[in-house]
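S.K.: Residue strings, one per chain:
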Amino acid sequence: MKRVYVNEQWCLGCHLCEYYCAFANTGEKNMARALKDIKIQPRIRVEEGNDVSFAVSCRHCREPLCVKACISGALQMMDGVITIDQDKCIGCCTCILSCPFGSVALSPDGHAAQKCELCVQTAAGTPRCVDGCPNNAIVFEERG
Amino acid sequence: MAIRYIYAEYEITRNYDRCIACRVCERQCANEVHEYLPEAHKMVADEAKCVNCHRCVSLCPTHALKIVKSDNTYKANSNWSQKNMNELYRQAEAGGVLLSSMGNPENFPIYFDKILLNASQVTNPSIDPLREPMETRVFLGSKSVEIERDENGQIKDNLKPHLKLNLPVMFSAMSYGSISYNAHESLARASQELGTYYNTGEGGLHADFYPYGGNTIVQVASGRFGVHQPYLEAAAAVEIKIGQGAKPGIGGHLPGKKIVDDVARTRMIPVGSDAISPAPHHDIYSIEDLSQLVYSLKEATRNTKPVIVKIAAVHNVAAIASGIARSGADIIAIDGFRGGTGAAPTRIRDNVGIPIELALAGVDQRLRDEGIRDQVSIVAGGSIRNSTDVVKAVALGADCVYIGTAALLALGCHLCRSCHEGKCNWGIATQVPELIKRLNPDVGYKRLVNLLTAWRHEIEEIMGGMGINSIESLKGNRLMLRGVGLNEKELEILGIKHAGE
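The listed protein sequences derive, respectively, from chains F and V.
So for the first sequence, numbering that gives the first Met the number 0 puts the first residue at 0; every next one is plus one.
So for the second sequence, numbering that gives the first Met the number 0 puts the first residue at 0; every next one is plus one.
Each hint should be verified, as a subset may be incorrect.
[To be verified] Here are the simulated DSBU-like pairs of lysine-lysine, each with C-alpha atoms no more than 35 Å apart in a straight line:
| id | chain 1 | residue 1 | chain 2 | residue 2 |
| --- | --- | --- | --- | --- |
| 1 | V | LYS68 | F | LYS28 |
| 2 | V | LYS48 | F | LYS38 |
| 3 | F | LYS35 | V | LYS41 |
| 4 | F | LYS38 | F | LYS87 |
| 5 | V | LYS155 | V | LYS142 |
| 6 | F | LYS35 | V | LYS68 |
| 7 | V | LYS65 | F | LYS35 |
| 8 | V | LYS65 | V | LYS82 |
| 9 | V | LYS41 | F | LYS28 |
| 10 | V | LYS48 | F | LYS35 |
| 11 | V | LYS68 | F | LYS38 |
| 12 | V | LYS297 | V | LYS159 |
| 13 | F | LYS28 | V | LYS445 |
[Unchecked claim] Label pairs and their calculated CB-CB ranges:
| id | chain 1 | residue 1 | chain 2 | residue 2 | range |
| --- | --- | --- | --- | --- | --- |
| 14 | F | HIS110 | V | PRO37 | 23 to 33 Å |
| 15 | V | PRO37 | F | GLU140 | 35 to 45 Å |
| 16 | F | TYR4 | V | PRO37 | 31 to 41 Å |
| 17 | V | ASP45 | F | TYR4 | 30 to 40 Å |
| 18 | F | GLY124 | V | ASN449 | 21 to 31 Å |
| 19 | V | ASN449 | F | ASP50 | 24 to 34 Å |
| 20 | F | GLY124 | V | TYR35 | 28 to 38 Å |
| 21 | F | VAL55 | V | ALA206 | 32 to 42 Å |
| 22 | F | PHE139 | V | GLY95 | 43 to 53 Å |
Hints are computed from structural coordinates only; laboratory data are not their basis.
Every residue, glycine too, gets a C-beta built ideally from N, C-alpha and C.
Could you build the full structure based on these sequences and the hints that come with them?
M.R.: This is how it looks when you write it as structure tokens:
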């Protein structure tokens with residue numbers, strides 16, 4: 000299955016992936032209107048320090064701890080993609096605690112968890128962070 | 000300083016309705032032009048530091064930025080232009096030689112733009128390159144004029160070493176040091192994929208790029224940086240650099256801060272030391288001296304590689320080229336006055352040398368008149384901007400062209416002409432690690448391949464239109480060219496007729 004991978008050698012720490020992620024998940028057509036004057040809460044985050052930077056988002060683990068930990072059945076794995084049904088989520092944050100990558104967080108409204116779903120539900124259809132990366136540091140590919 | 004004499008040349012216009020304060024402009028500007036004001040959640044810019052490289056404009060996700068020429072003006076004066084005044088202020092302040100980068104940007108004639116191409120109508124019908132074979136392959140090197148046969152009547156192979164190019168375009172000399180590792184990797188990989196050559200410049204060949212040796216031309220310049228036996232052996236051809244179009248008669252000076260670890264090792268000089276290439280080769284003061292170096296290099300490579308001699312296009316270029324052809328060189332590269340550079344004294348760059356179109360036509364004609372045109376191939380460089388420039392250069396007599404600036408543009412360069420500051424925001428003309436990584440060679444080499452693939456298609460289309468199916472039939476075919484708006488003398492030198500004739 001194709002997954003999002005990050006090559007820190009080419010990550011510039013420009014944070015554009017975060018903005019493209021936040022934009023993709025608003026469903027808006029215009030980025031300026033979607034993100035003007037708001038503090039974004041993207042599902043991909045750039046970690047940086049000591050001259051190294053790289054973006055981190057859900058790894059879509061083959062044996063996902065978050066899905067195991069979910070007490071409401073909101074998190075589920077479909078065709079390898081781990082998605083969350085925000086209507087079922089009760090905001091207990093167990094998934095956030097169990098994710099070893101820190102890739103699950105509360106959604107902006109604070110009532111449910113959110114995570115990268117590889118843009119399967121967004122208008123883009125393919126991960127927007129990948130298209131928006133100016134240096135091919137984020138790729139969407141099959142790797143065994 | 001208390002008095003700021005020079006007003007910023009460009010202004011950054013930010014559309015605040017679009018700006019989402021994502022700070023990508025701030026993070027991507029090595030000149031620290033943009034700043035985020037957290038309390039106001041707002042971006043601001045100090046254009047005094049802006050070099051107009053367009054990195055921020057290109058990366059802004061909401062298209063909120065544009066850079067415009069400032070309309071701040073001194074009292075209008077046709078003689079003392081704003082540029083003249085600013086340059087004078089700069090020198091009065093610093094007391095130094097003005098430095099510039101990339102090619103001569105001044106308003107001199109561009110002959111390529113005053114030459115029009117022919118096409119077939121009715122007779123000698125045009126050829127459709129999509130349906131019929133079209134040859135863009137060229138071979139560079141000394142051609143045998145005489146056909147010799149052995150006792151059995153078989154043709155003897157007396158051909159000297161040649162370079163085989165799939166299209167008549169090569170990447171010109173840009174040293175590792177003046178451009179980054181990633182820029183070099185992009186050029187090397189693109190050359191291999193395209194079946195052409197790139198040129199190390201005088202910075203030596205990085206150990207990682209020896210596998211691309213078959214597509215590498217190595218340079219031996221006046222500083223002899225990075226020249227050793229394996230370097231010569233790795234290459235497909237060796238180029239002796241006598242001059243460069245951007246700075247004829249001037250040596251090179253790569254500042255110590257660009258001589259970082261790897262660059263120093265490749266050039267074989269200490270880290271942080273200035274790399275100074277003398278203006279002349281101290282062992283070349285005549286064609287006979289040049290000949291000695293040509294044959295030394297041929298011997299060092301066991302006569303397996305062609306030797307190129309690169310000169311700047313200057314007033315006596317035809318006579319000089321004739322001498323070079325007689326020195327034993329296989330290929331002559333001529334670099335016109337628009338040719339690029341990582342740093343050159345402004346006055347030299349903007350006032351020395353002649354246009355490549357005139358130099359090329361003059362050299363080709365002279366060598367033909369003297370009956371020695373077959374002894375050498377001619378490579379024309381110095382601002383080949385597109386496929387029609389290539390076609391016109393070939394029709395004026397070039398075997399192929401060198402592109403430097405065009406290749407850098409493909410890699411992202413926006414011609415801000417600030418290479419000499421070493422803070423290239425596009426990761427090309429810099430040795431700063433966090434800037435170098437901005438040029439991912441996976442992306443860069445693909446863009447170079449795309450560029451030349453597009454040019455090849457266009458060249459085939461143009462040749463087809465002329466009813467020509469091989470680039471060899473176009474070479475020196477000046478009947479395919481007509482001048483517009485040129486005077487008698489210019490037409491005479493170019494060896495072409497005026498449109499309508």
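S.K.: State for each hint whether it applies.
M.R.: Verification of the supplied hints:
{"no.": "1", "hint": "LYS68/V x LYS28/F", "result": "32 Å, holds"}
{"no.": "2", "hint": "LYS48/V x LYS38/F", "result": "29 Å, holds"}
{"no.": "3", "hint": "LYS35/F x LYS41/V", "result": "11 Å, holds"}
{"no.": "4", "hint": "LYS38/F x LYS87/F", "result": "26 Å, holds"}
{"no.": "5", "hint": "LYS155/V x LYS142/V", "result": "14 Å, holds"}
{"no.": "6", "hint": "LYS35/F x LYS68/V", "result": "28 Å, holds"}
{"no.": "7", "hint": "LYS65/V x LYS35/F", "result": "19 Å, holds"}
{"no.": "8", "hint": "LYS65/V x LYS82/V", "result": "22 Å, holds"}
{"no.": "9", "hint": "LYS41/V x LYS28/F", "result": "23 Å, holds"}
{"no.": "10", "hint": "LYS48/V x LYS35/F", "result": "27 Å, holds"}
{"no.": "11", "hint": "LYS68/V x LYS38/F", "result": "33 Å, holds"}
{"no.": "12", "hint": "LYS297/V x LYS159/V", "result": "11 Å, holds"}
{"no.": "13", "hint": "LYS28/F x LYS445/V", "result": "30 Å, holds"}
{"no.": "14", "hint": "HIS110/F x PRO37/V: 23 to 33 Å", "result": "28 Å, holds"}
{"no.": "15", "hint": "PRO37/V x GLU140/F: 35 to 45 Å", "result": "37 Å, holds"}
{"no.": "16", "hint": "TYR4/F x PRO37/V: 31 to 41 Å", "result": "33 Å, holds"}
{"no.": "17", "hint": "ASP45/V x TYR4/F: 30 to 40 Å", "result": "38 Å, holds"}
{"no.": "18", "hint": "GLY124/F x ASN449/V: 21 to 31 Å", "result": "25 Å, holds"}
{"no.": "19", "hint": "ASN449/V x ASP50/F: 24 to 34 Å", "result": "31 Å, holds"}
{"no.": "20", "hint": "GLY124/F x TYR35/V: 28 to 38 Å", "result": "32 Å, holds"}
{"no.": "21", "hint": "VAL55/F x ALA206/V: 32 to 42 Å", "result": "34 Å, holds"}
{"no.": "22", "hint": "PHE139/F x GLY95/V: 43 to 53 Å", "result": "51 Å, holds"}
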